[in-house]
Amino acid sequence: MSSVLQKLISPLASSPAEPPRNKVTVVGVGQVGMACAISILLRDLCDELALVDVMEDRLKGEMMDLQHGSLFLKTSKIVADKDYAVTANSRLVVVTAGVRQQEGESRLNLVQRNVNVFKAIIPQIIKYSPNCTIIVVSNPVDVLTYVTWKLSGLPKHRVIGSGTNLDSARFRYMMAERLGIHASSFNGWVLGEHGDTSVPVWSGANVAGVNLQKLNPDIGTDNDKEQWKATHKAVVDSAYEVIKLKGYTNWAIGLSVADLTESIVKNMSRVHPVSTMVKDMYGIGEEVFLSLPCVLNSSGVSSVVNMTLTDGEVGQLKKSADTLWGIQKDLKDI
Amino acid sequence: MLITCWYLYLAARSIAKQSLNMTSMLQKLITPLFSGPPEPPRNKVTVVGVGQVGMACAVSILLRELADELALVDVMEDKLKGEMMDLQHGSLFLKTPKIVADKDYSVTANSRIVVVTAGVRQQEGESRLNLVQRNVNIFKHIVPQIVRYSPDCTIIVVSNPVDVLTYVTWKLSGFPQHRVIGSGTNLDSARFRFLMAEKLGIHCSSFNGWILGEHGDTSVPVWSGTNVAGVNLQTLNPDIGTDCDNENWMETHKMVVDSAYEVIKLKGYTNWAIGLSVADLTESLIRNMNRIHPVSTMVKGMYGISEEVYLSLPCVLNSGGVASVINMTLTDEEVAQLQASANTLWDIQKDLQDV
Chain A
1 MSSVLQKLIS PLASSPAEPP RNKVTVVGVG QVGMACAISI LLRDLCDELA
51 LVDVMEDRLK GEMMDLQHGS LFLKTSKIVA DKDYAVTANS RLVVVTAGVR
101 QQEGESRLNL VQRNVNVFKA IIPQIIKYSP NCTIIVVSNP VDVLTYVTWK
151 LSGLPKHRVI GSGTNLDSAR FRYMMAERLG IHASSFNGWV LGEHGDTSVP
201 VWSGANVAGV NLQKLNPDIG TDNDKEQWKA THKAVVDSAY EVIKLKGYTN
251 WAIGLSVADL TESIVKNMSR VHPVSTMVKD MYGIGEEVFL SLPCVLNSSG
301 VSSVVNMTLT DGEVGQLKKS ADTLWGIQKD LKDI
Chain B
1 MLITCWYLYL AARSIAKQSL NMTSMLQKLI TPLFSGPPEP PRNKVTVVGV
51 GQVGMACAVS ILLRELADEL ALVDVMEDKL KGEMMDLQHG SLFLKTPKIV
101 ADKDYSVTAN SRIVVVTAGV RQQEGESRLN LVQRNVNIFK HIVPQIVRYS
151 PDCTIIVVSN PVDVLTYVTW KLSGFPQHRV IGSGTNLDSA RFRFLMAEKL
201 GIHCSSFNGW ILGEHGDTSV PVWSGTNVAG VNLQTLNPDI GTDCDNENWM
251 ETHKMVVDSA YEVIKLKGYT NWAIGLSVAD LTESLIRNMN RIHPVSTMVK
301 GMYGISEEVY LSLPCVLNSG GVASVINMTL TDEEVAQLQA SANTLWDIQK
351 DLQDV
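Chains A and B are the protein sequences, given in the same order.
Here the first sequence is numbered in full-length UniProt numbering, starting from 1 and rising by one per residue.
Here the second sequence is numbered in full-length UniProt numbering, starting from 1 and rising by one per residue.
Where hints are given, some of them may not hold.
[As the list claims (entries may be wrong)] The calculated DSS-like cross-link candidates involving lysine-lysine, where the alpha carbons are at most 30 angstroms apart (straight line), are: (1) B/Lys265 to A/Lys214; (2) B/Lys265 to A/Lys77; (3) B/Lys254 to A/Lys7; (4) B/Lys28 to A/Lys225; (5) A/Lys244 to B/Lys95.
If you are wondering where the hints come from, they were derived from the structure by calculation, not from laboratory data.
This is chain B alone, in the form it adopts within the complex:
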């Protein structure tokens, strides 16, 4: 009798336990050890603007595993949410565990790098300089918000006209000049190296050549520095890059200048190459590499330039931003071309309102 009661008691207790047992599967599966707040991100990257360029930057940065957190910002809320979800759905294949997005900039807090691709893009046939005032007005909303939430970040400006907008960003942010970079001629140089290397039958990473100055129609190919394995091409062909050159190498630089217009005419926009080049810059900054890239930086006081303009020069990039600038040995003509670009840019900048 006592034993029966005992078993009845055990059965009743078991039933009571089961029906009252509200532990979730998560609680059963996982026992937390540490209940503090989650660690802040150490390598957070924000991309402002989720158009084709912004998303190409985002996916290149994700596939290069550069960030531990990625934030996306835009004004178009549905598109922004859709892009965020599409990237999150790929999480299994990525090493960036936190991908967030909001039109409110608080989502960008504590970023190390902010990539600004927002703004309107070149229409077919439109030069970069025509976009300028339209984009300045957009930046007046964006830049203060970035600075508010990530006061120690480095900003990479991609939107065109990049040299002018990097100047605008610098002014609006109040940052020291070494923490505001324009993507500049990093892409032009990559295109130049690709096209030159194709003609020589080698890989573009084995062709050394720099395009500096304005990212646009007046970029400067530094022919005097072009070399393969240290063999200077101008020494082999002193006419290289001039009109007298019977091999017409200057045509290759012209193709670089035209290439953006050509791709825009064919597919409506460019995005892959610029996205890859921005990931390349991001890598140098995040990994503190001290690699040299042709990016847009403040050049007042160099090469006889007396105005506050941004132009591309070879810059040493590390986690502080632009650590230093390489002093080029340029021909008088190349210096004159840089000065001409500086004047063109200053002409536009001086008329900008509210910067």
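So here's chain A without its partners, still in its complex pose:
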């Protein structure tokens, strides 16, 4: 009475299945979490994907829908459970859980709501993947990356906030559009807080090494006849605008998280503007996370690029740090 399986296939190796080498977990299967998941899957970055959420039906449905696409993917194991045991041995954990900005709500208003959610999540992640790197996406990302760092006990190079990776991508897209070139050919960095007080480093903006500030010394100031500063303002406003139009943003953030994931999983040492612990840099005296250009590889943040910033730009970073510390110092139970 041998089964079809027994007749068809003769096992050679009866050892237990190999553990995954490039497992990625996405915590939270809302629009952002699923955009991260599909971008990571379509870029063939992991050999196993785990999804976690508290909403069990939705979680199972998302897992099944992705599994049904297996024929078109190279990630052979997709699992999901509300129990974090399913996330064991992850290299990378992407945290998108939490509540999202309502229309008109600033990111900083979400904070205490999300801290409480994180107190349940982070210890579970660490329990099952003590050596992972965590990418925090939930907003306000800089504060929540700090919270994650504190709750996890991980060294600071293993906790990254998605930070201004997305702001910089939007900046590069919008500037490039005005210049008629592709976003990848426009070099420009937006640093600091992922939010209303992000800092566009105009002094570094360049195309093919040609420094834009040299061509237009007023660039980014109020005196600028061409009003290039409006482009940075459009970056700050863009999340609010997309939320107003479609209710949330997900594709751009999902693609940007897959970009960070690629650098980490493939040990690439590419430089990305992500949120990292900046105490003792630029005269910042508190333990805050802000976005700076970080070299990312399989250890996480292996190093930080030292920027040549103007006094004005340093002042802006310090001000962001103060705003963030103002919120962090009042958080309970971290």
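With chain A held as given, fit chain B onto it using these hints.
Below, chain B without anything else, positioned relative to chain A:
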């Protein structure tokens, strides 16, 4: 004195130049070589409908780098604009330099492929056939507009009930039948291969099996063709797919039929798998690959079917659309199931108004 005058003159000229210098940064940075009109797109894809399915198709197509231009169309203007902006903001990570959107179909001009996901979706427990008249009325607005702006395109219909709506699209478009395709059982076959392969402990791309006919409750699993590495499963287990089978393999096909309902019950809709499967079809069409996919095509004259219905058969897809259809060796029972699907579909189609 003369030298002083000379220097004063140079200084004055420099000041005049600076204050009159109105060249923009763009002009200083970039010198155009070629001032002709921009090249038209060669691999433009349009997605009609920016609901969950349409956007899953869009992001899968973008991440597979299949199009040099992507156009989105919908009637909900805010949502459409928001989706377009969200994709554009990801441009740094993509290879599709032009992403446009409008409720006016002129934005879709010169598309090679148009993916139609517009329409209303199945409610929990609702069968695909119940949606039909609601969606026909929507298609009467959409299809002529598509054809007007992209008279040479190939249309992939995804909206349900897909076989009926592919027929409707064919009629409304006036296109030759090889350029109107229904996503059909491409997804059912992908689900079948996933579920069967899981039971055998292999990857789904290594399990060969085809589900044909109606994309829906009466799809036909061709058990006689199922194989792994050429080893025919029916030869190993002649009862496979029947009620007598003590391994109950037919349960797997039942799970395929139920899976859409199940995912809808759990998360409200399905989108990822269908999006990935549409990108797979798009790839064969755009890259002129001649790969074979189970998609919905006009089957009148085949297997004793005498009506103009669309059902899924294995079709060779290339840049012309459906280049050819594979002639299956089906059992009498499988042929009868196809005929039964054809009759069910024709029953619905014959009562449709204004097609």
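Do the hints match the structure? See the list:
For the hint pairing B/Lys265 with A/Lys214, the CA-to-CA distance comes to about 59 angstroms; that exceeds 30 angstroms, so the pair is violated. The suggested pairing of B/Lys265 with A/Lys77 holds, with an alpha-carbon distance near 23 angstroms, which does not exceed 30 angstroms. Taking the CA atoms of B/Lys254 and A/Lys7, the gap is near 24 angstroms; set against the 30 angstroms cutoff, the hint holds. With a C-alpha separation of about 15 angstroms, the suggested pairing of B/Lys28 with A/Lys225 holds against the 30 angstroms cut-off.
With a CA separation close to 27 angstroms, the supplied pair A/Lys244 and B/Lys95 stays within the 30 angstroms bound.
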